[in-house]
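S.K.: Construct the entire structure; sequences and hints are all you get.
Below, each chain spelled out in residue letters.
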Amino acid sequence: MKDDHQVNHVKISKGMKISDFIEEMGNTGVLGAGRVYRATKLLSEMIEDPELNIFLSVAGPMVPGGMRDIIADLIKKGIIKVIITSGANLTHDLLESFGGSHYRNYGFDDEKLHDSGMGRIGDIYTKSEDFEIFENEINHILEKIASETEITSIQEFIYHVGTQITDENSIIKAAADNNVPIYAPGIIDSMLGLQLWMFNQSKKLCLDAVADMHQLSDIVFESEKVGAVILGGGLPKHYALASNLLKGGVDAAIQITMDRSETGSLSGAPLEEAKSWAKARAGSNLVTVIGDATVLFPLILAGALDLVDSGENE
Amino acid sequence: MSKKVVEVKTLKVGKYVILGGEASKITSISTSSPGKHGSAKARVEAVGIFDTQKRSIVKPVDTKIDIPIIDKRTGQVLALMGSDVQLMDLETYETFEIPIPDDLRDQLLEGVEVEYILAMGNKKLMITKG
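Read top to bottom, the protein sequences are chains U and H. If you're matching positions, the first sequence starts at 0 in numbering that gives the first Met the number 0 and goes up one per residue. If you're matching positions, the second sequence starts at 0 in numbering that gives the first Met the number 0 and goes up one per residue.
Hints in this document: simulated from the structure, not taken from any laboratory. Some clues are possibly wrong.
Just some of the chain U residues that point at chain H, by a computed CB distance under 10 angstroms [to be verified]: (1) G116; (2) W196; (3) S260.
Positions of the beta carbon are idealized from the N, C-alpha and C atoms, including for glycine.
M.R.: Here it is, written out as structure tokens:
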């Protein structure tokens, strides 16, 4: 690493490797480039540290936005200990598991989109036919789960759903197969939650909202160290940090967000703020990267995995 | 046989459906086109025949639902017994007691013919005749 009181200008060359690109970010070391470098370095250290468990918090349209494979892969590689996410990401994972897709290039005439049965998420689209198949398939799964139990914790429920999925690319299936718990405290607020409500009109399948706290707390206490990787904000961000409260906070955290800090909301709050709550330890290594997680997380992850492979952290 | 299965899309306001285990008269049906929530759905509101409780259910129009088999029968008032009235079914001659609805209290006299319904093992006095 060059003299760290100097801003060195970024050098780009043809056929550049990601690891060299990240190194250039580090040589510059300021603004977003500096954050990307520091996040990459920190992520590679978190991955390599055998005593550190990574909690991955996923909010926003990450699955619709193309991040499904990356997340499923991280689970299969054993890099993630715990996933905390929204009901929406679970729903969209299931949508694809049942044969549906997410689409692009259908324009912005929202009333016309509605008439053609399409919903828009930014410049991503869904088709109502895919949701009809989702409704059908998930109801078969709910029947199966309800035939064995009337009440289940949210994490267990997601696990049971995962055991019924056959799509090898599914995040929920990967988590179930690899014993990675998925927590979704806001699960009811999603199409998965909607289907669960409608199902409960005729047959009982109750979600015990409190039941997961104990298991998650046990994981925190049994971990030597905890590192949080936070994509976006929302409920998942808070749940990831607050679950570490009793133990004094996370030991390291990376957040990628475009939320602003001026409103005081948690989503836009800098990670440093967490130290005041003991959601992050004093002296913990915290990096916030400002930007779009669909660009920055693949980039930072690619860089981190390269660093891990190259043994640079030894 | 007290109930049968029909498709949700065949339900109509004024007809009957079983909600929460109670035979109920449908008061409104609103439908949503297919969308994020899945296939086309109907939201059915109904009032319990015997408990007058309002209930609702939301289901895809192509799914099945139970409806009560309503038996409309004629009876004759045998005796008034406080809050109940003793009736005799004019076809089976079976006698039984059922509660007097408030709106019919003044019209019930011995010998008067009435219409009552039989649904899911329960009986309810509906109107007097003649």
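S.K.: So which of those numbered hints doesn't the model satisfy?
M.R.: 3
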